[in-house]
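Novice: Residues per chain, in single letters:
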Amino acid sequence: MPVSFIVQMAVSGALMGLVYALVAYGFQLTYATSKSLNFGQGELVMVSAFATLSIMGTGLPYPLVVLLGLLFGALLGLAVERTGVRLALEQKSEGWILLTIIIGLFLFSFAENVWGRDDRPFPTPISSQPLNILGIDVTPVELSVAVGVLAVMLLVEAFKRTTLLGKAFEAVSADRDASELMGISATRTVMLSYALSGAVAALAGILVSPITTVGPTMASALVLKAFSVAVVAGLESGFGVVVVGLFLGALESLASFYVGSGWRDAPGLVLLILALAVRPTGVFGKAVIRKV
Amino acid sequence: MLKRLLLVRGAELLLFALLAAIPLVVTSSYALGLLTLLAIYGILLIGLDVTVGYLGQVNLGQAAFLGLGAYAAGIAVTRYGAGIPLALFMAGGLGTLLGALLALPALRLEGPQFALATLSFTALTATALNELEWLTNGAQGLSLQVPPLLGHALSKREFYWLCVLAFAAVWLAMRNLLSSQWGRAFEALRDSPIATDAMGVGTYRHKVAGFAFGSGLGGLAGGLYALNFEYLQPQGFQYELTVILLLGVVLGGRKSLWGAFVGATLVALLPNLLSSRFLFQAFSALGLAVALFAGLRGLARRTLRPFQALAPIVATATLVAGGFLVQNTEDWRKAIFALMLFSVVVGLPEGLMGFAGRALAALFRVAPPPLPPPAPLDEVLPPHLASGAPLLVLAGLKRWFGGVRAVDGLDLTVRAGQVHGLIGPNGSGKSTVVNVVSGLYAPTAGALSLRGAPLPQGSLFQAARSGVARTFQNLQLFSGMTALENVMVALRGAYRVPLPLICLGLGRGEERRAQAAALALLDFVGLGDQARTPARDLTYGAQRFLEIARALARRPDVLILDEPAAGLAHPDVLKQVELIRRVHQRGITIVLIEHHMDVVSQLCDLVTALDGGRVIAEGTPDEVKRHPRVIAAYLGAVEPAVEPAAAPPAPPAGVPAT
Amino acid sequence: MKRLLALLALTLALPALAADTIKLALTGPYSGGSAPMGVSTLDGSKLAIAEINAAGGIDVGGKKMKIEVIERDDEAKNDRGALIAQELASMPDLSGVIGSVNTGVVMAGDKYLQEKGITKIICPAAGSSSMTQWANKPDGTKGPAQLSIFRFAANDGIQAAMVVEEAINRKLFKVAIIHDDTNYGVSGRDDLLNQIKKQGGKLQVVTQEKFKIGDKDMTAQLLKAKALGAQAILIWGIGPELAAVANGMAKIGLKVPLIGGWTLSMSNFIDNAGKNANGTLMPQTFIELPISPRAKAFIDAYHKAYGVTRIPSPVSAAQGYDAVLIFAAAVKQAKSTNTVKIREALEDLQAPVKGVIATWRKPYSKWNPADVDTHEAFRRQQVVMGMVMDGRVIFGSEADRLRLAKEQQ
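Chains as they are written, first to last, in the working numbering: chain G, 2 to 293; chain D, 3 to 660; chain B, 499 to 907.
Note that these hints are calculated values from the structure, not bench results.
One thing to keep in mind: the hints can contain errors.
[Claimed, not checked] Pairs of lysine-lysine residues, derived as BS3-like cross-links and limited to a Cα-Cα distance of at most 25 Å, are as follows:
#, chain 1, residue 1, chain 2, residue 2
1, B, Lys640, D, Lys158
2, B, Lys852, B, Lys839
3, B, Lys609, D, Lys158
4, B, Lys564, B, Lys802
5, B, Lys521, B, Lys839
6, B, Lys614, D, Lys158
[To be verified] Some, not all, of what chain B presents toward chain G, calculated at C-beta under 8 Å:
#, residue
7, Ser529
8, Lys708
9, Ile750
10, Ser765
A virtual CB, placed ideally from N, CA and C, is assigned to each residue, including glycine.
Using the sequences and the hints, build the whole thing.
Specialist: This is how it looks when you write it as structure tokens:
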């Protein structure tokens with residue numbers, strides 16, 4: 002087996018891994034402010050992609066379509082926060098796990114009935130004609146995913162570090178009650194994080210749809226992987242998801258090759274359970290000190 | 003007593019009698035199929051409720067155990083010609099075994115991480131069942147035939163009765179388990195995992211055992227599932243099923259056998275509910291009526307937040323409207339299920355049975371069975387000999403948090419039978435010393451020994467098992483449990499009956515003895531008449547006394563009291579002092595951390611003063627009180643320049659004769 | 499509320515009406531991943547039923563009776579399928595069942611129908627085991643003497659034979675088999691391997707690769723095939739993943755023919771693979787081209803009824819349509835709505851049925867557990883090779899087109 006094949010496989014897998022990372026990043030955004038995350042994030046990716054497809058049908062120019070798609074995702078994120086998360090956070094319960102699962106179930110059924118059960122192609126101005134870079138075949142669509150993922154993550158991190166609103170994120174994350182006392186509205190910060198997370202989900206949908214096509218089930222496999230990536234990296238670790246995403250993506254591809262394509266997901270899953278057992282807060286997470 | 007039997011047991015008897023009798027009247031094979039599924043799901047959901055309800059963790063792994071059990075039974079039957087009992091044993095056994103294996107790593111996690119670990123296990127199981135074609139026949143599925151039971155070929159109806167029998171047995175076993183120390187331990191570790199460990203009840207091992215037990219029930223249900231459908235495919239046991247099962251438990255009501263039954267009924271029957279538009283419309287109208295009633299009442303009485311009242315109304319109204327607008331309700335089944343669940347989770351967070359259970363409990367007040375007379379105190383708390391020999395010795399103890407040296411080279415000897423005071427200003431390291439000795443923190447360096455043997459480090463549970471008991475400055479009672487149960491959880495050496503026998507109901511004798519012992523301790527601290535009061539409803543003073551009673555239940559060698567008088571009103575302080583003195587009189591060695599100097603003076607034989615993580619003075623209360631460095635430390639005066647290395651801990655004080 | 503009461507009255511009144519209708523159950527996955535096939539079959543069947551009812555119904559012993567549809571979504575789940583089968587089996591006046599896409603659902607459910615003798619036409623599930631489960635087994639176990647289960651689909655055995663034949667004819671001797679990890683894909687793989695052996699072992703299988711439903715990156719599997727020098731990809735799977743394979747082949751520059759099961763004609767493959775789908779070959783029972791007046795009428799009626807310009811799964815729709823016509827013919831011949839009488843009529847159908855796929859002459863005969871073909875309607879000659887070209891399915895060979903057009907005159 003020529004080395005170039007191995008490299009090609011690892012690169013293809015790693016590019017998919019970046020998509021996991023992007024969805025995983027959406028988990029982290031909300032976890033940072035509220036210690037909660039949307040178990041129905043995959044449905045957000047899917048519904049946003051469908052909505053973007055519908056907007057595209059009106060014939061608007063592509064950049065505007067993308068913008069509207071992101072806006073739609075943000076609104077959906079806000080809706081999830083309002084209906085599924087806020088009450089549970091106020092009651093300091095873990096009801097959000099159930100409620101976000103339920104909302105996901107609803108969105109899935111909604112999409113099935115409104116947009117149909119079939120997968121559909123997602124047009125994009127970016128070419129899917131493969132380029133050969135250093136002996137490796139990559140399509141510009143795949144590259145656009147990589148660029149989009151890194152760009153949006155840099156942008157959000159810059160926002161968190163440089164703007165006042167962004168710093169509120171950190172404050173609420175560190176101590177919700179104390180931030181409230183300091184005049185930062187925790188509720189509003191959590192809302193903002195859900196809106197951002199929704200927009201990130203929409204972006205993931207828009208970037209990945211040209212490759213995966215759009216359908217009600219498009220994100221159900223994706224979101225499980227993203228979940229693994231987020232937790233293995235550590236739910237509070239910003240860029241850790243990129244490293245873990247790339248690694249997991251490449252690992253899957255290589256496992257498929259060496260262990261057998263039916264076992265493709267297995268190494269990642271085993272790794273996940275073990276990684277959690279060794280470091281419950283994630284590879285890039287911080288350890289917690291118990292207090293009484 | 004009779005009323006209790008009639009109401010509680012009567013309802014259960016009626017349920018199972020009804021379940022068993024239905025097929026005598028209804029002969030449709032379809033109804034029989036549904037009922038069989040209901041009984042199987044009942045077992046499955048009771049198992050799932052162990053983690054979701056009693057351990058309080060979101061478990062997305064139950065579908066995997068259903069699958070594993072199903073395949074274990076299927077393979078046992080097809081390949082090894084096993085009979086029904088062996089097949090079911092294999093199914094339950096595999097579930098228990100793999101449950102324990104998964105729990106070992108997974109139960110170190112909480113919340114979303116735990117949910118994810120179990121979800122990954124589900125995915126992994128499906129992959130393995132699909133790929134191990136030589137064993138499971140992979141995606142093409144495994145066909146099997148129900149073997150005869152004791153030479154008798156089972157009809158569908160007889161098989162149903164078998165399932166009901168299994169369901170009843172599981173129900174009974176679960177009830178016995180929950181009314182034993184196991185049930186209390188589950189409750190306790192959800193309230194305060196730290197206190198549970200500190201009381202010598204291993205949080206982790208109870209979680210693992212609970213999860214394994216629940217998974218074993220999942221496996222057993224899987225075995226019945228395989229025998230019922232006689233055809234298995236790996237794809238059936240995946241994410242969607244596991245989510246539906248979880249939602250079934252929540253919908254029915256967590257921490258409730260009846261809730262599991264209601265959940266199972268809904269999961270099994272719901273898809274069929276939607277095949278008739280009329281039924282669906284009737285039910286959604288009923289749902290709206292309930293949501294309107296409960297919501298408006300809650301709003302009027304201000305027991306519900308506006309969102310909690312209004313969201314279910316909107317959701318059920320959507321259902322009603324949808325029933326008329328949508329052409330084919332089957333197409334929207336998932337959305338309908340989601341809306342129903344949403345209404346229940348938001349409006350009735352305790353589930354249908356939690357809600358109904360409270361209403362019924364209010365209607366039929368049932369007195370709990372009477373308590374036994376308290377046991378003799380000398381039996382429960384045998385008097386120790388106060389020898390004065392070194393008992394607890396800390397040598398060169400250090401505990402750093404990053405750059406902060408909370409304890410920085412501490413030597414301390416606590417002698418048997420003494421009350422040893424530990425004082426010092428805030429941040430002097432007292433609490434850290436307590437937390438290291440009791441095992442919450444592992445020391446950075448240094449040695450700990452109790453009775454000359456090294457004390458286990460960094461494990462609350464192991465330290466407690468070695469004879470250290472403690473109370474907490476910020477109370478860590480099991481607030482949902484009664485005073486009696488709080489003490490019963492901690493009783494040392496009271497529970498010896500193994501789990502299988504408890505499930506069979508053979509733990510009742512030891513349960514009565516434990517009650518008697520716990521009552522004796524409650525009497526000792528003056529709470530004998532409040533044994534049935536939930537801890538959270540006790541006065542603050544009583545809660546402090548209860549913590550001491552609970553710690554005494556450990557029959558400790560060393561009792562660490564962490565600011566026992568903090569926040570107490572003056573009369574309670576006096577009571578507390580008197581109580582500690584009585585504990586001391588029984589020869590129990592006490593380490594007392596306290597700010598009230600008069601309390602320290604009244605009780606302590608010897609006092610050690612700490613500052614900056616080191617000993618600055620040691621002696622009788624009077625000596626220490628007058629020590630210049632102690633005064634300086636408390637008043638914040640400039641410390642006289644003393645070379646740290648050269649500083650002797652304190653003038654050696656004579657040990658008072660004992 | 500008034501409407502609710504009216505509905506209540508209607509529901510209560512239904513049993514009274516029931517005696518005047520022929521109850522036919524349609525089952526299949528109408529939601530979830532296999533829904534496109536399930537829904538197309540359902541739509542095809544409903545189209546035929548609507549036409550029959552519009553013409554006044556079926557003449558049952560001198561009395562015109564309409565068909566009443568009982569629709570059940572099995573969600574492609576085995577336990578749902580088993581329960582639905584039990585429900586249908588306990589309906590006293592059910593005349594028959596048409597449906598099922600997933601072989602697993604068939605395996606889990608059909609035994610209840612067979613037990614009660616309810617006539618069922620499996621359509622369009624193609625997995626071999628759906629029928630072979632009733633045949634005599636190699637280990638000597640005998641199948642049942644009477645069988646109420648029929649199939650109306652080109653089974654995977656026929657399809658696999660054609661796929662292997664095609665590869666041999668095109669002299670593509672080194673092939674890679676790629677399939678999904680469901681019952682459908684795995685038994686397709688086994689059928690292919692079986693056929694390769696049967697046709698003289700001329701093909702060398704360089705690798706066998708799997709993918710999961712929902713997988714979108716097939717690079718690893720395809721690179722392996724490429725590295726091992728595969729000259730053709732033989733594939734068994736469903737729509738979107740097939741498209742991912744075609745697109746992946748284009749990406750890594752693997753330019754070899756893609757040949758596989760009939761599902762390659764579904765719109766979710768053709769649309770999502772775009773031009774990468776061109777040249778793909780697969781056995782078809784129906785191609786959406788107006789080669790005859792009958793085919794044209796069906797295609798036009800379908801487009802009009804469901805507001806589309808292309809049938810999502812023409813094979814499923816046409817099979818669903820023809821299955822109803824055959825069932826109706828059996829009811830007419832049996833002069834009864836009794837499901838056992840209908841089975842007997844199906845096993846000995848006198849009048850030819852003019853369907854859109856073919857004119858069916860005695861599609862079934864008396865069940866023989868030694869020969870499952872007695873309850874299989876499709877033979878090799880009713881199946882043609884189709885080819886995807888620019889978003890449409892066309893005939894792979896002109897000869898087939900002419901032959902079918904002639905037959906349907």
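Novice: Run every hint past the structure and note whether it holds.
Specialist: Right, here's what the structure says about each hint:
1. B:Lys640 - D:Lys158: This hinted pair holds, its Cα atoms lying about 23 Å apart.
2. B:Lys852 - B:Lys839: Distance of about 22 Å is within 25 Å: holds.
3. B:Lys609 - D:Lys158: 13 Å, holds
4. B:Lys564 - B:Lys802: Cα-Cα ~22 Å, so holds.
5. B:Lys521 - B:Lys839: 14 Å, holds
6. B:Lys614 - D:Lys158: The hint holds at about 14 Å.
7. Ser529: The hint holds - B:Ser529 has a Cβ within 8 Å of chain G, the shortest such distance being about 6 Å.
8. Lys708: Holds, because the Cβ-Cβ distance from B:Lys708 to chain G comes to roughly 4 Å (cut-off 8 Å).
9. Ile750: With a minimum Cβ separation of about 5 Å from chain G (threshold 8 Å), the hint on B:Ile750 holds.
10. Ser765: Interface hint status for B:Ser765: holds (7 Å vs cutoff 8 Å).
Hint compliance for this structure: every hint is met.
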